[in-house]
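Enquirer: Below are the chains, spelled out letter by letter.
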Amino acid sequence: MNITSQRVKLAKFQSTIALLLLCIFLSILSDKFLTVDNGWNVLRQISVNICISVGMTLVVLTAGIDLSVGSILAFSGAVAAGLLKSGISFPENDLFIGFTLLGTILAGVATGSFLGFFNGWVITKFKVPPFVATLAMLTVARGFTMLWTKGYPISSLGTNFAYIGTGWFLGIPILVWIAVVVVIAAMIISNKTALGRYIYAIGGNENAAKLSGINIDKVKIIVYTLAGALAAIGGIMVTSRLDSAQPNAGMSYELDAIAAVVIGGTSLSGGRGTIIGTVLGAIIIGVLNNGLVLLDVSPFWQQVVKGMVILLAVMIDKANSKAE
Amino acid sequence: MLTAEKIGKKFSGITALCDVSMELLPGKVTAIIGENGAGKSTLMKILSGVYPEYDGKIIYKGEEVRFENPREAQACGIAIIHQELNLIPDLSITENIFLGRELENAWGFLDKNGMHQKTQELLERLKLDVKPNTLIRDLKLGQQQVVEIAKALLTDSEVIIMDEPTSAISDHEVEILFGIIENLRKENKAIVYISHKLDELFKIADSYIVLRDGKVTETGTMDGVNHDLIIKKMVGRDIKIIEKGNRITKSENLLNVENLTLVKKDGSNRVLLDNLNFSLKSGEILGIFGLMGAGRTELLECILGMHPSACLSSVSIENKKVKLKSPREAIQSGIVLVPEDRKRDGLVLGLDVKTNITLSTLNEIQKAGLLSKSKELALTDKYIDSLQIKTSSPHQAVKNLSGGNQQKVVLARCLATQPKVLMLDEPTRGVDAGAKNEIYKLIMELSEAGLGIIVVSSELPEILTVSDRVLVMAEGKITAEFSSANANEDAILKAAIPQTI
Chain X
366 MNITSQRVKL AKFQSTIALL LLCIFLSILS DKFLTVDNGW NVLRQISVNI CISVGMTLVV
426 LTAGIDLSVG SILAFSGAVA AGLLKSGISF PENDLFIGFT LLGTILAGVA TGSFLGFFNG
486 WVITKFKVPP FVATLAMLTV ARGFTMLWTK GYPISSLGTN FAYIGTGWFL GIPILVWIAV
546 VVVIAAMIIS NKTALGRYIY AIGGNENAAK LSGINIDKVK IIVYTLAGAL AAIGGIMVTS
606 RLDSAQPNAG MSYELDAIAA VVIGGTSLSG GRGTIIGTVL GAIIIGVLNN GLVLLDVSPF
666 WQQVVKGMVI LLAVMIDKAN SKAE
Chain Z
4 MLTAEKIGKK FSGITALCDV SMELLPGKVT AIIGENGAGK STLMKILSGV YPEYDGKIIY
64 KGEEVRFENP REAQACGIAI IHQELNLIPD LSITENIFLG RELENAWGFL DKNGMHQKTQ
124 ELLERLKLDV KPNTLIRDLK LGQQQVVEIA KALLTDSEVI IMDEPTSAIS DHEVEILFGI
184 IENLRKENKA IVYISHKLDE LFKIADSYIV LRDGKVTETG TMDGVNHDLI IKKMVGRDIK
244 IIEKGNRITK SENLLNVENL TLVKKDGSNR VLLDNLNFSL KSGEILGIFG LMGAGRTELL
304 ECILGMHPSA CLSSVSIENK KVKLKSPREA IQSGIVLVPE DRKRDGLVLG LDVKTNITLS
364 TLNEIQKAGL LSKSKELALT DKYIDSLQIK TSSPHQAVKN LSGGNQQKVV LARCLATQPK
424 VLMLDEPTRG VDAGAKNEIY KLIMELSEAG LGIIVVSSEL PEILTVSDRV LVMAEGKITA
484 EFSSANANED AILKAAIPQT I
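One line per chain: the protein sequences are X and Z, in this order. 366 is the number of the first residue of the first sequence in the numbering used here; add one for each residue after it. 4 is the number of the first residue of the second sequence in the numbering used here; add one for each residue after it.
Calculated from the structure, these hints are not laboratory results. Check the hints yourself; a few may be wrong.
Interface residues of chain X toward chain Z, partial, derived using beta-carbon atoms under 10 Å [claimed, not checked]:
(1) Cys388
(2) Ser392
(3) Arg409
(4) Gly447
(5) Lys450
(6) Arg562
(7) Tyr565
(8) Ile567
(9) Asn570
(10) Asn572
(11) Leu576
(12) Ile579
(13) Arg606
(14) Gly636
(15) Pro664
Pairs of lysine-lysine residues, derived as DSBU-like cross-links and limited to a Cα-Cα distance of at most 35 Å, are as follows [what the hints assert, rightly or not]:
(16) Lys492/X / Lys328/Z
(17) Lys189/Z / Lys268/Z
(18) Lys583/X / Lys378/Z
(19) Lys515/X / Lys397/X
(20) Lys218/Z / Lys267/Z
(21) Lys490/X / Lys121/Z
Predicted, not measured: the structure shown is a model, and the values here were computed from it. Built from N, CA and C at the ideal position, the CB exists for glycine as well.
Given the sequences, and given the hints that come with them, work out the whole structure.
Expert: Laid out in structure tokens, this is it:
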């Protein structure tokens with residue numbers, strides 16, 4: 366009894382422990398790892414993945430999946446960059462609509478939210494499996510990005526816009542601030558609101574949730590819309606950091622997000638998992654990426670190592686839930 | 004044939020079984036009796052190889068055996084029909100029956116014809132009138148149970164363990180099952196029969212073993228014992244079947260259902276419910292009895308708004324017409340359902356007691372848009388108290404609760420919505436004798452508080468115990484109505500049997 370309950374207690378902190386071990390290990394192997402600069406560097410790098418992964422967590426908790434976040438990120442970022450740079454003009458009517466910084470950001474987020482909403486709408490009203498619906502969106506949104514950018518990066522967006530990606534506020538990078546706000550908001554939603562409860566209930570048992578009077582379709586649409594909005598925020602962050610919207614931005618970001626969710630202990634079958642777990646998962650991936658670069662591991666081996674870590678994390682998680 | 008000696012088993016330090024000995028004889032039916040949690044299922048899982056680690060020994064055909072897994076036990080001729088159905092919904096009956104022991108032809112391919120034929124024979128023997136290639140998901144719960152039995156009959160098992168085989172099937176099918184058991188007995192098989200329904204045991208068993216808290220409290224042959232004695236041994240106290248007090252039903256109609264028709268939406272356009280009309284008064288308990296396939300569950304689902312496109316009806320509550328297009332709207336109008344299969348439809352098993360209880364009423368425990376912990380706990384405690392839900396804390400996961408307490412959690416969630424009409428589908432399925440009576444008592448108390456209650460059940464004694472009025476259904480129609488004074492088993496059953504033309 367004692368041993369099992371201790372093991373269960375330990376399991377709660379397994380990601381934290383893994384992260385600590387990883388950090389200790391890397392500080393011994395590389396003297397560049399444990400420096401203030403590198404710390405901020407890692408946090409800035411993972412802030413985008415954290416935003417996407419938080420949205421992904423909400424989706425996965427309802428037993429769904431969103432493969433389109435990488436493409437939505439690219440399109441939303443490109444929309445924002447394009448509007449900021451050249452606005453919308455209708456030469457035949459001699460009309461030009463310019464956008465302020467805030468306006469472009471809102472337009473970008475609205476774009477992502479709408480695509481996410483569309484995902485949710487297709488999934489609930491036409492009963493298309495989330496995997497398929499968002500796989501289609503992955504392609505469609507990428508295509509939109511290419512059409513919008515004509516295949517070329519949209520660059521030189523001005524210092525104000527670039528400030529989001531490179532600036533600091535109260536000694537902390539703006540990107541990290543954004544991630545922190547997103548994480549706190551998501552934690553409040555998942556723990557403190559009826560919506561959060563509904564998300565867990567739907568993932569845990571959709572039949573029972575429906576019979577309990579929960580509006581399943583509405584909850585799912587909200588969740589996919591949120592995932593789209595968070596991907597769009599990620600898109601703004603990436604675009605601003607590079608001062609350029611790349612047509613192929615966010616490629617395979619959905620996989621990193623799913624990896625963070627899974628390493629964080631969220632069950633892909635829904636109903637079980639936490640936002641904070643996902644954040645830890647994203648940090649582990651970020652630290653690992655950073656460490657492998659610092660240690661001069663070849664990029665090919667980096668991928669192998671990352672894959673093994675994901676596998677290991679889930680295997681440990683399974684073993685622990687069995688012990689429970 | 005099989006002897007168990009001093010079997011013991013502990014789960015993380017807690018004793019589930021202690022010094023249990025028993026003997027199974029060929030051609031005899033041994034009943035294992037006990038409340039939920041008494042250790043019946045654990046014992047059976049040891050016999051059938053699910054739990055390879057235990058104390059004591061099992062001697063089978065003169066040799067000590069220790070099965071490492073169910074497959075080994077099966078190969079030796081010990082088959083178990085589990086209480087929880089172990090079928091794969093998207094495979095056909097044939098594929099399920101032959102799962103893991105598929106027949107192959109000389110080329111190493113599946114012998115589909117052979118399996119099909121064998122399944123057909125089994126289904127005929129069990130009098131289940133469906134095609135072998137029907138998917139499990141298209142079968143009703145009761146039919147699935149029969150498939151589970153067919154699975155055990157396929158391998159020529161010497162020992163057949165049936166764990167609550169009748170918990171989901173109608174009396175008609177129970178008769179068929181008893182016929183099957185009678186045949187197996189003649190074939191000199193040893194049969195273990197676990198059931199909560201004591202009446203069944205008197206009909207079918209030769210001897211009995213009573214378990215309480217993991218220990219054997221009594222063994223003997225079935226002759227010379229009676230109902231009360233066994234219950235006493237089971238629970239260690241007397242349980243009286245509950246008596247109805249003076250029942251006062253108010254006169255005004257609470258719920259009116261007119262012209263309710265449900266047509267199956269799969270192209271066949273089969274009429275599942277045919278123009279039903281009935282009403283319910285506040286404070287009244289309306290029992291609805293029917294055999295499997297009569298449309299009992301569908302009726303409740305229609306009222307709850309689960310088939311908005313396939314169901315035509317005119318429902319009014321307190322003389323106000325309502326259009327119910329989803330369970331959400333039904334709940335808002337004051338209609339709730341405690342579903343038949345609580346694990347599938349009633350509970351989010353992985354979440355805790357408080358989350359399940361408050362799931363339908365989260366709007367009422369909010370403060371400034373956020374959930375209030377204190378309001379949530381207050382609501383939960385209120386129902387844990389009033390329904391006497393036995394749980395170590397409100398934060399306990401519901402999957403760790405016993406069947407009866409799980410049922411009370413579903414009931415609590417429904418009651419928290421302050422309903423006017425409470426519908427219960429098989430309210431005591433898989434619930435032990437003690438908890439059963441508690442649930443009956445609750446139903447009566449709730450009706451006295453003014454709720455209109457509809458109880459759907461396939462257990463006649465249950466219907467007769469709780470109902471003020473009984474409706475009988477057969478083939479989607481209401482075939483008879485009885486007041487509680489006129490209701491008796493024979494008349495109800497007669498009305499429930501489909502009239503084949």
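Enquirer: Could you run down the list of hints and mark each one as holding or not?
Expert: Tested hints:
1. A cut of 10 Å between beta carbons decides the hint on Cys388/X: the least distance to chain Z is about 32 Å, and the hint is violated.
2. Hint status for Ser392/X: violated, given a least beta-carbon distance of 38 Å to chain Z, over 10 Å.
3. Contact between Arg409/X and chain Z, as hinted, is not supported at the beta carbon level, the nearest pair being about 31 Å apart and thus beyond 10 Å.
4. Look at Gly447/X: its Cβ only gets to about 36 Å from chain Z, farther than 10 Å, so that hint breaks.
5. About 39 Å separates the beta-carbon of Lys450/X from the nearest beta-carbon of chain Z, more than 10 Å, and the hint is not met.
6. At a threshold of 10 Å, the smallest CB-CB gap from Arg562/X to chain Z is about 6 Å, leaving the interface hint in force.
7. Checking Tyr565/X against chain Z by beta carbon gives a least distance of about 6 Å; that is within 10 Å, so the hint holds.
8. Given hint, Ile567/X at the interface with chain Z, holds; its Cβ is 9 Å from that chain's nearest Cβ, closer than 10 Å.
9. Below 10 Å, beta-carbon pairs count as interface contacts, and Asn570/X has one with chain Z at about 5 Å; its hint therefore holds.
10. Because the smallest distance between the Cβ of Asn572/X and any Cβ of chain Z comes to about 4 Å, under 10 Å, the interface hint for this residue holds.
11. For Leu576/X, the shortest C-beta to C-beta distance to chain Z is roughly 5 Å, which falls under 10 Å, so the interface hint holds.
12. With a least beta-carbon distance of about 7 Å to chain Z, the hint placing Ile579/X at the interface is held under the 10 Å criterion.
13. The interface hint given for Arg606/X is broken, as the beta carbon of that residue sits about 34 Å from the closest beta carbon of chain Z, more than 10 Å.
14. For Gly636/X, the shortest C-beta to C-beta distance to chain Z is roughly 5 Å, which falls under 10 Å, so the interface hint holds.
15. A distance limit of 10 Å between C-beta atoms decides the matter here; for Pro664/X the minimum to chain Z is near 40 Å, and the interface restraint is violated.
16. The hinted pair formed by Lys492/X and Lys328/Z meets the criterion: a straight-line CA distance of about 18 Å does not exceed 35 Å.
17. Under the criterion of a C-alpha separation no larger than 35 Å, the hint pairing Lys189/Z with Lys268/Z is inconsistent with the structure, at around 45 Å.
18. For the proposed pair Lys583/X and Lys378/Z, the alpha carbon gap of about 25 Å is at most 35 Å, so the pair holds.
19. The suggested pairing of Lys515/X with Lys397/X is violated, with an alpha-carbon distance near 40 Å, which exceeds 35 Å.
20. At roughly 50 Å between alpha-carbon atoms, Lys218/Z and Lys267/Z are farther apart than 35 Å, so this suggested pair is violated.
21. A distance of roughly 42 Å separates the Cα atoms of Lys490/X and Lys121/Z; the hinted pair therefore is violated under the 35 Å criterion.
In the structure shown, a violation is registered for the earlier hints numbered 1, 2, 3, 4, 5, 13, 15, 17, 19, 20 and 21, in ascending order.
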